[in-house]
Structures are given as C-alpha cells and as structure tokens.
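Student: One-letter residues, chain by chain:
Number of protein chains: 2
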Amino acid sequence: MLRYAPPLERVIQEFERLPGIGPKSAQRLALHLMKMDPQDVQSLGEAVLDLRREIRECRVCFNYSLGDLCPICEDPTRDTSAISVVEQPSDLMAIERSGEYRGLYHILGGVLSPLHGVGHEDLHIDELIARVEAMGSGEVILATSPTVEGDATAEYLRSMLDGLDVTITRIALGLPVGSDLDYADQVTVARALRGRRPMGE
Amino acid sequence: MLRYAPPLERVIQEFERLPGIGPKSAQRLALHLMKMDPQDVQSLGEAVLDLRREIRECRVCFNYSLGDLCPICEDPTRDTSAISVVEQPSDLMAIERSGEYRGLYHILGGVLSPLHGVGHEDLHIDELIARVEAMGSGEVILATSPTVEGDATAEYLRSMLDGLDVTITRIALGLPVGSDLDYADQVTVARALRGRRPMGE
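If you read the sequences in order, they're chains A and B. All residue numbers for the first sequence refer to the numbering used here, where the first residue is 1 and numbers rise by one. All residue numbers for the second sequence refer to the numbering used here, where the first residue is 1001 and numbers rise by one.
Simulated from the structure, these hints should not be mistaken for lab results. Predicted model, so just to flag it, every value in this text is computed and none were measured. Using N, Cα and C, we set each Cβ at its ideal position, and we do this for glycine too. Be aware that a few hints might be false.
[Claimed, not checked] Derived DSSO-like pairs: lysine-lysine, alpha-carbon spacing no greater than 30 Å straight-line:
no.: 1; chain 1: B; residue 1: Lys-1024; chain 2: B; residue 2: Lys-1035
no.: 2; chain 1: B; residue 1: Lys-1035; chain 2: A; residue 2: Lys-24
no.: 3; chain 1: B; residue 1: Lys-1024; chain 2: A; residue 2: Lys-24
[As the list claims (entries may be wrong)] Example chain B residues on the side facing chain A (calculated, C-beta under 7 Å, incomplete):
no.: 4; residue: Asp-1050
no.: 5; residue: Val-1177
no.: 6; residue: Ser-1179
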C-alpha cells in the first residue's frame, strides 16, 4: 500500500503510541501539522524535546519541578505540619484545585501492586518515612485513590508510620457532590453510610 | 491557581492547539510523556521538528513528497493519461486505498470558498490547466468532495478546462456500499437515482 512520505508516516506512528490516539486520529493530527504555521509546529516539537530535559522531581516531595524544590515546597506560606500523600502529580493538582488544603504533599509515584510488580522500593515510601520522622508532629493525610490498590497502599503506609508522633488520616469516601443516591454504586453508598457524621459538625 | 512546571504547561498548551484535543486530553498526553521512556519522547519531538523541514510539495502534483517528485509522479508504471483532481493528500490516499485507479493526481489544496476567502489564485488551478494542456488528450477526473463547495469547485474546473482535448468526468455520487436505502439521506438517494446505470454495464 502507498504510504505518506516517510517523515509524515513517522509522525503518525509516534502519535499512535500516545494513549487514546488511534490510527485515524494520529493521521488527522499529523496532516494538521502539515497545514499549521511551520513556526507553531516547531514550537510544539521543541516543547516536547525540552520537557524531559528541563523538568525534574522535587528533592523533597517528588512533584514535577523546574528547580531543586517545587513551588509548593518552596512556598513559605504553606502549612508544614501536614503532608498529603498522593499517587501522582495530577492528584496533587486535583487537591490544589479544591482550595481546601494549604499543607505539603508527598508523591508516591504509584501504588503498591504485587500484580504489576510494584513493591515498597519502587515507591517513595522510605523518603516519606524520613520526612514524617523529621516533621515530629502533625498530620499525614493518605490521599491515594479509593481503589483496591490505593486502599491497600494507604493501609500499608499507615502500618509503616505507626508509632511515629503524627495523626494519620484517610481522605473521606462517600457520594460525590451533586450526584444522585439512586445512581451511586452500592459500595459507594455503603462507604457513605459508614462514614456518616453528626449534622452541623 | 497552581500550575504544573512551565515546560509541562507549555506542552499542555501546545497539545491543546491541535484539533480534537481539549484541555483534559492535552494534560493526559503531557503527563503521559513524563512517564514514557525519555528516548521515546525525544523521538516524538524530533519527528515533529523534522516533519516540516523534510517534507515538501511534489513539483508536479503538489502531493507531500520527500524529493522533487512524489512517489506517484515518479512511478513509471502509472497511467499518465489520467489525472484525478483532489482537495488534499488524504483524498489521494483514499483513492489509492480503493485500488481502482492507476493514473496520476493533482492536489488542489482546498476548494473554492468565497465565504472563507479562498479563490482561484489560492488553489493549484493554473498548474492544473498547464498540466492538462501539456497532456494533450486523456481524462481529468474531478474528485473533489460531494459538498456544496466541492461541487462548485468541480463545476468551475470543468468550465476552466473546457475546450481542451480531454474527457472531464466527476466521481459518481450514490449510496455507499453496504448502506441501507432506508437510512440514506434524501439528497443521496436522489443522486443515486439520477446516476442510475444499465445493469451488467
């Protein structure tokens, strides 16, 4: 079968490797690049090339960072007596967007998953323990996802932090705001009931 | 609002400018790049940068090409007595995939569109006329899309090529193979009726 010129086929193949982009979308995107202002295409290519050269992990919390410390760890107005433990930088962003939290973070880099061969040493768990030990007192909020693996990871972290002088909490599970009880899955309803709190608290 | 480190935000913004990619997808793609093998990310960035540097338009038919001539214009086995006029290189690929055609192509680069300010001089129309004049005899297949603008462009090209010693044809309009008459729109059914041909032809 006839194919596009090799540089174009190469871009199509590279796009196809990205998540959620099938052969048709990859072709559409690549053909769009052929019609864009060459300056803009160059800008896209350079942004991609610069990405991994310029971004590193924050020395303290492993958030994506330009410098040695990420903007949150560097911010003197943050509450240093609380650490939210999350799986990924995108989870940190979700909590930041909520506007509910002024403490620090710790990016685990994933969840424990024996099935996928992810163990203690593959996550930033030792660094978390060291941080919490150094912190002395305060709160560690385990904010891994409410999945089987996220729950198991939170449970594991709780056991690892046991004995240290911090309060360990888990983010609340329940009905999403604005959702319909009738349409919620039974596990969520069960968790929402179990987590019920006195009114006016 | 807190944002990701600037190089990451930059990639997100670049992705957002692509068609069919919203803010959420752009973020998902950019975060995926952070988890990919850095070699693969570099390969993607370089493919994008090389694209517009390496691909040019075929001197004869304006198809995307690595060299002066595209693989089709260069191919000595193609039938040089037929030229299919299409809007874009992707239309050429669609015809090639059908396996029905062994002639040459001419990429217009779009359709006439007074509304979008696309006129005669914005398309490769003069080059088409010169090619057809040089060809002497043969067939010009007007294969612009069966849209209002595609039809109008085909009609315009027919009038421009009038008087030259070539047969001018338009690709057939009708029911798509495997489709259901019952579900076809009325314009398509009308065209299919108007285009009816004797059985066994």
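Student: Look at each hint and say if it fits the structure.
Tutor: Okay, the hints, checked on the actual structure:
Of the pairs offered as hints, the one joining Lys-1024(B) and Lys-1035(B) holds, with about 17 Å between alpha carbons and a cut-off of 30 Å not exceeded. For a cut-off of 30 Å, the pair hint linking Lys-1035(B) to Lys-24(A) stands: about 24 Å separates their Cα positions. Of the pairs offered as hints, the one joining Lys-1024(B) and Lys-24(A) holds, with about 20 Å between alpha carbons and a cut-off of 30 Å not exceeded. The interface hint given for Asp-1050(B) holds, since its Cβ lies 5 Å from the closest Cβ of chain A, which is under the 7 Å cut-off.
Against a cut-off of 7 Å between C-beta atoms, the interface hint on Val-1177(B) is violated, since the closest Cβ of chain A lies about 19 Å away. A least Cβ separation of about 20 Å between Ser-1179(B) and chain A goes past the 7 Å threshold, and the interface hint is therefore violated.
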